[in-house]
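Participant: In the numbering used here, the protein residues as written are 1 to 372.
Simulated from the structure, these hints should not be mistaken for lab results. Please read these numbers as outputs of a predicted model, since none were measured by experiment. Check before you lean on any hint, since a few could be wrong.
Using 27 Å as the maximum straight-line C-alpha spacing, the simulated BS3-like pairs for lysine-lysine come out as follows [unchecked claim]:
(1) K47 / K100
(2) K36 / K100
(3) K133 / K302
(4) K47 / K124
(5) K124 / K66
(6) K133 / K66
(7) K124 / K224
(8) K52 / K123
(9) K133 / K123
(10) K121 / K66
(11) K224 / K302
(12) K100 / K52
(13) K52 / K292
(14) K102 / K119
(15) K119 / K52
(16) K102 / K36
(17) K121 / K302
(18) K123 / K311
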Amino acid sequence: MLLPPIIMKEFVIMISFFLFAIFAGDINASFVADMKPNSLSEGEIVKLSVNKMTSSQTLLPIDYYKLPFCEPDEGILHYRENIGEFLAGDRIESSPYVLKMKREMYCEQLCVSDVSADKKKGKKSQLERAIRKDYHNNWIVDNLSSASKIEDEYTVTTRYWQGFPIGYVDPEDDMEYVYNHVNIEIMYNTVVEDNNNKKKKKKRRRKKKNEEEDEEEEQQSQQKHRIVRFTVEPLSIQHKFEAENEDDEKILPLGPYRIPMRNAIASCRDRMQHTNYDMIAARGTPQLASGKVLFTYDVTWKENPEVPWSKRWDIYLSMDGTIPKKVHWFSVVNSLILDVVLSIMIACILVRSLRRDFARYNSIDEEAEDFG
1 MLLPPIIMKE FVIMISFFLF AIFAGDINAS FVADMKPNSL SEGEIVKLSV
51 NKMTSSQTLL PIDYYKLPFC EPDEGILHYR ENIGEFLAGD RIESSPYVLK
101 MKREMYCEQL CVSDVSADKK KGKKSQLERA IRKDYHNNWI VDNLSSASKI
151 EDEYTVTTRY WQGFPIGYVD PEDDMEYVYN HVNIEIMYNT VVEDNNNKKK
201 KKKRRRKKKN EEEDEEEEQQ SQQKHRIVRF TVEPLSIQHK FEAENEDDEK
251 ILPLGPYRIP MRNAIASCRD RMQHTNYDMI AARGTPQLAS GKVLFTYDVT
301 WKENPEVPWS KRWDIYLSMD GTIPKKVHWF SVVNSLILDV VLSIMIACIL
351 VRSLRRDFAR YNSIDEEAED FG
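Take these sequences, add in the hints, and give me the full structure.
Facilitator: This is the structure:
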């Protein structure tokens with residue numbers, strides 16, 4: 001006996017909720033594995049995207065461009081999210097950072113921004129409040145989230161979760177300082193790809209005229225590169241400069257134009273060596289999160305043949321061994337228990353609803369027979 005359309009519709013809805021209850025606990029919304037490697041040639045543009053900023057002190061995220069950070073010259077572009085990013089509530093947008101495969105960059109100027117333009121008398125600016133709430137940037141390169149590298153006089157710490165901080169509060173003077181310089185370090189693998197693979201298949205299908213043409217149409221190979229690590233080291237540098245127009249809130253240097261610095265460090269002066277912690281420590285003057293700030297960045301490329309592309313996410317999922325494996329098993333067991341409880345609840349609701357609908361449907365049939 002076929003079910004009436006109304007009962008069938010309710011049945012489909014119940015089954016949908018049942019399946020969602022089973023699989024919802026197993027979805028990792030922050031990670032969706034890459035399906036296809038992205039191989040890049042030397043000099044090819046590498047897209048750096050920005051995501052919402054998160055904090056360890058509050059659950060409320062902030063859109064990256066809500067704070068006075070540099071914007072792309074062509075305007076902000078919003079990218080489509082995959083299912084994992086959508087469930088996590090990510091907001092991925094374009095950035096003004098220009099990266100090219102295997103091209104080293106030294107103290108590149110990004111823009112000048114008045115980071116305290118929204119500051120009111122007696123109150124802190126939005127950037128200062130965000131620094132005090134420990135907000136972190138979450139950047140993305142080739143679907144890899146940025147790791148954070150923090151250095152001091154004694155140690156260098158690299159973390160593969162929560163991105164990197166936008167600034168810090170000095171406990172001595174209780175002032176907010178912004179990280180206006182970043183060292184972007186990208187590791188890659190070198191692979192050999194066949195550029196003429198498709199052409200070769202077509203040539204096999206048609207008859208070749210002579211042996212000389214076969215020799216001329218030999219397969220050509222080209223080296224390409226795949227990104228396997230993405231690390232950002234934030235630094236605070238007080239760049240002293242002279243802006244051409246003091247009334248502008250932002251000055252975006254275009255092309256070869258560079259704002260002259262009065263106290264340029266070695267990497268910004270000769271542009272032959274990368275910015276490092278020793279240069280900043282020797283200067284001894286970080287950048288306050290107020291007034292006009294010059295944002296700069298370095299890009300370093302390192303080949304790392306030990307990490308295959310297929311294993312590049314392993315260190316993120318394990319958090320570099322920070323969390324013991326036993327904790328992961330507790331999480332798995334917790335998810336399974338939650339799935340079982342929800343499944344039983346929805347199964348009970350489904351059975352109860354179907355019994356009520358069948359009883360009502362049978363009573364209608366009996367009444368129709370009595371009147372028939």
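Participant: Look at each hint and say if it fits the structure.
Facilitator: Hint by hint, here is what the structure shows:
Annotation: proposed proximity of K47 to K100 holds, straight-line Cα distance about 9 Å (limit 27 Å). Between K36 and K100 the alpha-carbon distance is near 20 Å, which keeps this suggested pair within the 27 Å criterion. Between K133 and K302 the CA atoms are separated by roughly 34 Å; this puts the pair beyond 27 Å, and the hint is violated. For the suggested pair K47 and K124, the alpha carbons sit about 34 Å apart, so the restraint of at most 27 Å is broken.
Under the criterion of a C-alpha separation no larger than 27 Å, the hint pairing K124 with K66 is consistent with the structure, at around 15 Å. Between K133 and K66, the direct Cα distance comes to roughly 15 Å. Compliance with the 27 Å bound is thereby established for this hinted pair. At most 27 Å may separate the alpha-carbon atoms for a hinted pair to count; K124 and K224 exceed this at roughly 48 Å. A distance of roughly 24 Å separates the Cα atoms of K52 and K123; the hinted pair therefore holds under the 27 Å criterion.
Using a Cα cut-off of 27 Å, the hinted pair K133 and K123 holds, with the two alpha carbons roughly 15 Å apart. Proposed proximity of K121 and K66 is supported: the alpha carbons are some 20 Å apart, at most 27 Å. Between the alpha carbons of K224 and K302 the distance comes to roughly 14 Å, so the proposed pair stays at or under 27 Å and holds. A threshold of 27 Å between alpha carbons decides the hint, and for K100 with K52 the separation of about 24 Å falls inside it, so the pair holds.
Distance check on the hinted pair: K52 and K292 sit about 24 Å apart at the alpha-carbon level, within 27 Å; holds. For the hint linking K102 to K119, the alpha-carbon distance of about 41 Å lies beyond 27 Å, and the restraint is violated. For the hint pairing K119 with K52, the CA-to-CA distance comes to about 22 Å; that is within 27 Å, so the pair holds. With a C-alpha separation of about 21 Å, the suggested pair K102 and K36 falls inside the 27 Å cut-off, and the hint holds.
Proximity of K121 to K302 is assessed by CA-CA distance (about 47 Å); at most 27 Å being required, the pair is judged violated. Simply put, K123 and K311 have alpha-carbon atoms about 48 Å apart, too far for the 27 Å limit, and the pair is violated.
Hint check: violations occur at hints 3, 4, 7, 14, 17, 18; the rest are consistent with the structure.
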